[in-house]
Structure formats: C-alpha cells, structure tokens
Amino acid sequence: SIDSFGLRILVPVKRVIDYAVKPRVNKANTGVETAGVKHSLNPFDEISVEEAIRLRESGAKNQSPMKVDNILALSAGGAKCADTLRTAMAMGADRAFHVDVGDSADGGPEPLTIAKMLQGVVKSENINLVLLGKQAIDGDQGQTGQMLAGLLGWPQATQASKVEIKDADGTVEVTHEVDGGVETLRAKLPLVVTTDLRLNTPRYATLPNIMKAKKKPLEKKTLADFGVEDKRRLKTLKVTEPPARQGGGKVENVDGLIGKLKELGAL
Amino acid sequence: MLLPQARFSALRALRAARTTPSITASTSALARLLSTLAVLEQRDGKLQSSSLSAIAAAQKLGGPVTAFVAGAGVKGTSAAEAAQIKGLEKVIAVENEAYEKGLPENYAPLLVENIQKGEYTHIVAGHSAFGKSLLPRVAALLDVQQVSDITGIESEDTFVRPIYAGNAILTVQSTDAIKVLTVRGTSFQGVETTGGSASIEEGSDPNAPLQTEWVSEELAKSERPDLGTASRVVSGGRGLKNKEEFERLIVPLADTLGAAVGASRAAVDSGFVDNSLQVGQTGKNVAPQLYLCAGISGAIQHLAGMKDSKVIAAINKDPDAPIFQVADVGLVGDLFEAVPELTEKLKQ
Chain G
1 SIDSFGLRIL
11 VPVKRVIDYA
21 VKPRVNKANT
31 GVETAGVKHS
41 LNPFDEISVE
51 EAIRLRESGA
61 KNQSPMKVDN
71 ILALSAGGAK
81 CADTLRTAMA
91 MGADRAFHVD
101 VGDSADGGPE
111 PLTIAKMLQG
121 VVKSENINLV
131 LLGKQAIDGD
141 QGQTGQMLAG
151 LLGWPQATQA
161 SKVEIKDADG
171 TVEVTHEVDG
181 GVETLRAKLP
191 LVVTTDLRLN
201 TPRYATLPNI
211 MKAKKKPLEK
221 KTLADFGVED
231 KRRLKTLKVT
241 EPPARQGGGK
251 VENVDGLIGK
261 LKELGAL
Chain R
1001 MLLPQARFSA
1011 LRALRAARTT
1021 PSITASTSAL
1031 ARLLSTLAVL
1041 EQRDGKLQSS
1051 SLSAIAAAQK
1061 LGGPVTAFVA
1071 GAGVKGTSAA
1081 EAAQIKGLEK
1091 VIAVENEAYE
1101 KGLPENYAPL
1111 LVENIQKGEY
1121 THIVAGHSAF
1131 GKSLLPRVAA
1141 LLDVQQVSDI
1151 TGIESEDTFV
1161 RPIYAGNAIL
1171 TVQSTDAIKV
1181 LTVRGTSFQG
1191 VETTGGSASI
1201 EEGSDPNAPL
1211 QTEWVSEELA
1221 KSERPDLGTA
1231 SRVVSGGRGL
1241 KNKEEFERLI
1251 VPLADTLGAA
1261 VGASRAAVDS
1271 GFVDNSLQVG
1281 QTGKNVAPQL
1291 YLCAGISGAI
1301 QHLAGMKDSK
1311 VIAAINKDPD
1321 APIFQVADVG
1331 LVGDLFEAVP
1341 ELTEKLKQ
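Order-wise, the sequence lines are chains G and R. When you line the first sequence up against the working numbering, it's residues 1 to 267, in that order. When you line the second sequence up against the working numbering, it's residues 1001 to 1348, in that order.
Bound conformation, chain G alone (with noise of 0.2 Å):
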C-alpha cells in the first residue's frame, strides 16, 4: 500500500477552549461559554504536529529510514480553526484543510463522524500515517484516533510516548502509556498513532515561520466533500456545574492536621 518511500502524515488538529481557562457552563445549561474565551490548539494535538516536523528533520537528516513527503494538517469547526491551522503550519505542517462544520456550542460533530471524514481523507489524500492527540480536552472523549483504526482496518498505537520508524519497509516501533507502565508494540504502515504528553516538547512558532504559514495553502472542505453528513446520536440533555466542593479551612500545624483528619474519620 506504500506507493513511494515517503512518509505521507495527516494531522488532525482541534480547537479548543485554552487549557489554562476555566470553563463556565452557559445559563441555559446546555454547554460552556465559548464566546470571548481564549482558544489554542489541543495540547494533544501540538504534540502530533511536532512529532510529524520531527519525523520530516530525523529524515532529512538521514536519521530515519523514511523521508517525510507531506505534512496535512486538518481541522473542522467554524471559522476560526483556520487561525489553529496557521499554527499547525507555522510549526512546520505543508498544507491544511478546514472543513468547515459551522460554529455549534455543543462541541460540533462527534468523534464517529469525525473518523468518517478522516477515512475519506486518507484515502483522497493517499496518507500512510496518521498521527493525532489522545484526547481533546472538550469533550475528553479519547475515540477519534481508534475509530479512524478500526475504519480503516489500519494497526493502531495510542497513547504514544515514543515513534520509532525502524526500516524502509515502513515498520514503525510505539511505546505507549498502559495502566502501571509501558508497552512496546512493532506494526507496519499505514497506521493510526495518538500522542501522549511525554512523546516531545511542541516547539513554537517563530515569526518569520508565522509570515510563511499565511502563504501555504489552505483549502476549504465540507464533510459532504468525504461523503459524511453531521449525524448526531448522542443527544445533550443538559450541562450543569459540578458539585461545588468548599474549602475545610487550615490548620496550624500537624498536630492540627492529624487532629481534623481524625475528625473527619480519614484516620
């Protein structure tokens, strides 16, 4: 399925309330108030662009068993994801789609969709790897990366602390975070990863980077583009404010802590 030698990456990236934001749930309890909040890149997702830029420098440097052809960065939301794509291309991504899904306060389509439009994608756009966050930190859903897998019928690495591309076959080595440690898994392109926060540190944009982004292309796209319409399963019934957890007050020392902890029965 490899037509060249190339490493031909799509990252998918969204975009989100800033994670450093506080969230506060609208009146009408139907979602978080979105309008005025500052909004970045999916940490998550700043990882998966650095790690593709980093597999393109390790390949140029004659590093990596396999060259890097093309960077796809990809997003779908409103209006504003192409500011996130600039950054995704100011990182070092090539090009970039924004499938515009219109603005909706209920966090747009959901992850099964999603991976449906990725399918597509990958298949018009002849992508052998793609490299997406673990989760967003929205809806912290976690599903999008394994759907496309499934889909796809593609091996899939989740939760990735280490990308390894070992030969020119494409057989690509992941450790990833499991439950008490790690695992190493060894498969074969094309394949589906989803990055940890311990895979690598994003870089940032440096201005002249940021001037160059404006010219690379952007293309706009629809889900009807993919063959996908917005269909909704999950239906929000309401959205409330979590129980609100009071302060006990402080103690002067570990005498008093000791002490209102055997109150408290915690002792």
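Check the hints yourself; a few may be wrong.
Unchecked claim - Distance condition first, Cα-Cα at most 16 Å in a straight line; then the derived EDC-like pairs of lysine to aspartate or glutamate:
hint, chain 1, residue 1, chain 2, residue 2
1, R, Lys1317, G, Glu252
2, G, Lys250, R, Asp1318
3, G, Lys216, G, Asp94
Stated by the list, open to error - In silico negatives: residues of chain G with every beta carbon more than 12 Å from chain R:
hint, residue
4, Lys61
5, Asn62
6, Ser64
7, Asp106
8, Lys123
9, Tyr204
10, Lys220
Stated by the list, open to error - Non-contacting residues of chain G with respect to chain R, defined by C-beta distances greater than 10 Å in every case (computed):
hint, residue
11, Phe5
12, Gly78
13, Asp100
14, Lys212
15, Lys216
16, Glu219
No lab work stands behind these hints: they were computed from the structure. From a predicted model like this one, the values you see are computed outputs, not experimental measurements. We put the CB at the ideal spot given by N, CA and C, even for glycine.
With chain G's structure known, arrange chain R on it following the hints.
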C-alpha cells in the same frame, strides 16, 4: 433471578414509550430486552480492577449481564474467577493466546462477532488503558457513537459524564441501538466477587489477523495498593524538588498510611516518579477515602483527577494555592518539615 427484573425494566420502558409518544428515537432498542455484555480485562489469568467496575455498571443497567473474557487458557483462570461474581448470567470465554495482550486489532473483531451473536443492547468496559484503546474501535465497527468515561447511569439510554476536565457535567442520551460505554472505575464499585455460579460458555473466535506485534512491556513494580482503587492516596508535586526528596518524604508517609503513591504532572515530567502514577485529567482518576498531597498547587488538570476524594488534605507553603480551595484541611507550611513530622507522629 435476573430475568424477571429485566422483563420488568423492559415493560416499564415500553409503558413509558406508550404513554409519552414524543419518545420515539429509541423505541427499537426498547423493544428488545435489555441485555448487557461486560468486557473483562485480564492479565496473566487474573481479572483486573477495571473488570469489576464494568460489571458494577452493567448490573446498574438492570438487565441480565453476560461477561466476556479472552486470552491464553482463561477458562481455568480469569473466566473461573468471573463465574464466582454474584449476579452474572454467564461468562463467555475465548481461549486463544492471540488475545492475551488485549490488542485491539484482533480483539475488536472478536468482540464484534460475539456482540452480534449475543444480540446485546449494551456493551460496557472499564475506562482503563485496555478499554480506552479497544472500545472506540469496536464502536466504529458497529457504527455506534461510544459514550466514554461515564460516572452515572440515569436510565438505559441516558448517561452522565464529566467534560472539560471535570469542570462541567454532561447528561447525554444515546439514540444508537447498541450502547457502547466505558465507565469510570471510581464511580462504579461494590461487586460481590463470591457467591455466584455463572456458567462458562465457549465464545466464537473469528481468528482475525493481528496486525501489531507485541514487543515488550515495562511495568513499575510496587508492593503498595493500586493507585486507581486504593482507599488512601499520598501524592507529591513539584514542591518536592527532586526524585530523592520525593522518595525520602512521600514514600514513607504513604507506607505509614498503607496508601498508594500518586503525583502531579509536574512531578512526573521532572522525573520524580513513573508516568503511571500521574493523577489528573490525562492520568489516573482517583476517589479514595483520603487524598493527602504535599507540594501540589492544584491546577485544573490535577483537580480533575482527585476532587471526588472523600477527604482531601493538603500541605503547601503558598497560602493562595488553589489546592486549598478544595482541601478539607490545609496546612500552610514547609513540606520538608511538615511531612517527616507527620510521618513520625502517625507511626506512634
């Protein structure tokens, strides 16, 4: 014993559907008897704690519960262990070395085949690394939108789950004919592991090819209680300064309390402890009786993993640290003095 209960629940559902004509989306699912498959995780023949939370959630759904387990020689080991669990209808076992590591490339088609054969309406697994990796692949093969990491079940199609690192709680209704769910371990407990006598039945094995090769694993060995299920957790953060101090201060306190050791992301990233001990949005979720932490400021992402603990105690030198907003008891002070003193006084 469980069947009448299931009939009752289905009848109730049908009655509800009849009296409220607006509910039509899931009548086809309600027309079928609710029947749940709990996907069990096993390692070297032993059931893992995520298996028990899957069964606890399955039992909460109300219909008959079948358990599923696959791996090398499981009939005499993990399947037999599961058969002892109270309230299970039967245990479906597939003995094949190829499923031992629970790799989703062949485990997902195996599950799909057994799901279709058993006509289950609900598929439940724990939200562990195994469940997280496997179930979305299964859901996609079934053309179903999974509901991840649920903390509550309101009815057979309505589930509660935290979003935005636990800063909002979503109640969601699934209109899919088959509900595929992963469940948060700390929210589903209380399975009786003895007193059951489920039959062990042979599952069907499609022998799908395995596209990945399992190379190796490195698991942190520990004599301490498992972080995810421990009744007490002692956690350390960046304030510990280095690995040596973490081991000198946090570990003896944990051992004195019979507690599991946890850590913040900062402590893990700085190499104080293994990744698998991280508590938070991207690490483990814990809800022990006592969560005692030192040198942790309490970032949103950390709070996401521990704020359902029964009692939270914090030691931090910064009186404005956000951790004090959730702690039931806080001590503002130097952890390098307070932690050893606490350990000594608890030993007495």
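Against the structure, the hints:
no.	hint	in the structure
1	R:Lys1317 to G:Glu252	12 Å, holds
2	G:Lys250 to R:Asp1318	12 Å, holds
3	G:Lys216 to G:Asp94	7 Å, holds
4	Lys61	25 Å, holds
5	Asn62	24 Å, holds
6	Ser64	19 Å, holds
7	Asp106	10 Å, violated
8	Lys123	16 Å, holds
9	Tyr204	18 Å, holds
10	Lys220	26 Å, holds
11	Phe5	21 Å, holds
12	Gly78	18 Å, holds
13	Asp100	22 Å, holds
14	Lys212	31 Å, holds
15	Lys216	30 Å, holds
16	Glu219	26 Å, holds
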